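Enquirer: Residues in the sequence shown are numbered consecutively from 1, following UniProt numbering.
Treat the hints as calculated values from the structure; they're not laboratory data.
Any given hint could be a false lead.
Straight-line alpha carbon distances no greater than 20 Å define the calculated EDC-like cross-link-like pairs of lysine to aspartate or glutamate that follow [stated by the list, open to error]:
1. Lys172 - Asp84
2. Lys199 - Asp66
3. Lys199 - Asp83
4. Lys172 - Asp83
5. Lys172 - Glu67
Beta-carbon label-pair distances, calculated as ranges [said to hold, decoys possible]:
6. Thr119 - Gln171: 40 to 50 Å
7. Ile189 - Ala118: 52 to 62 Å
8. Val178 - Thr130: 41 to 51 Å
9. Ala118 - Gly153: 52 to 62 Å
10. Phe45 - Asn158: 42 to 52 Å
11. Trp159 - Leu117: 53 to 63 Å
12. Leu104 - Asn158: 40 to 50 Å
Just so you know, these numbers come straight off a predicted model, no measurement behind them.
Glycine included, every Cβ here is placed at the ideal spot set by N, Cα and C.
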Amino acid sequence: MKNESTTIDVHGESSSAMKGKAPLIGLATSAGSGGYKRGLTIFDFLLRLAAIIASAVAAATMFTSDETLPFFTQFLQFEAGYDDLPTFQFFVIAMSMVAGYLVLSLPFSVVTIVRPLATAPRLLLLVLDTAVLVLNSAAASSAAAISYLAHSGNQNTNWLPICQQFGDFCQKTSGAVVSSFISVVFFTILIVLSGVALKRH
1 MKNESTTIDV HGESSSAMKG KAPLIGLATS AGSGGYKRGL TIFDFLLRLA AIIASAVAAA
61 TMFTSDETLP FFTQFLQFEA GYDDLPTFQF FVIAMSMVAG YLVLSLPFSV VTIVRPLATA
121 PRLLLLVLDT AVLVLNSAAA SSAAAISYLA HSGNQNTNWL PICQQFGDFC QKTSGAVVSS
181 FISVVFFTIL IVLSGVALKR H
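Construct all of the structure, not just a fragment, from the sequences and the given hints.
Expert: Structure representation (structure tokens):
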């Protein structure tokens, strides 16, 4: 008997055909990554708008926190204002700088939306956001300490609480402090988003 061999022809794809398909896979991956990064950059832009509002409200509220107690004569008046305390003055200046920086950072955020795969503007925003976050945190923390003293006083140093007399002043300063901490939260999220975007590049 003769041994009969069966041959099965396997039609393999030519190397040229496989080379033609490889770039398509790369393009699909790049397009998916670009769409993901574009979503992050749009969210970044919206967060910056929200942070502008929070920091500007904090600065404006503290700046307009003056209150004068009514008395029978104009010669006996007690007034409380942000400019009476250096800490509150620093708060107004710092939060104004934070709001100004956020406004100036909007064009760079738009660039990251147009070019979501670009790393240079994202890295620049990450560095600057971190620096401004430190300033924002310092202003919010120092103002929170003074606001606490205004509400509770300190018996050990005979510092009396002034919020019993200057209710409107303390209400505005407390609102400004809360708004500044909201801005801190927005900055923290912005920094995390920038880190995630750079990591997935």
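Enquirer: Which hints from the list above does the structure break, by number from lowest to highest?
Expert: Hint check: 2, 3, 7, 8 fail, others pass.
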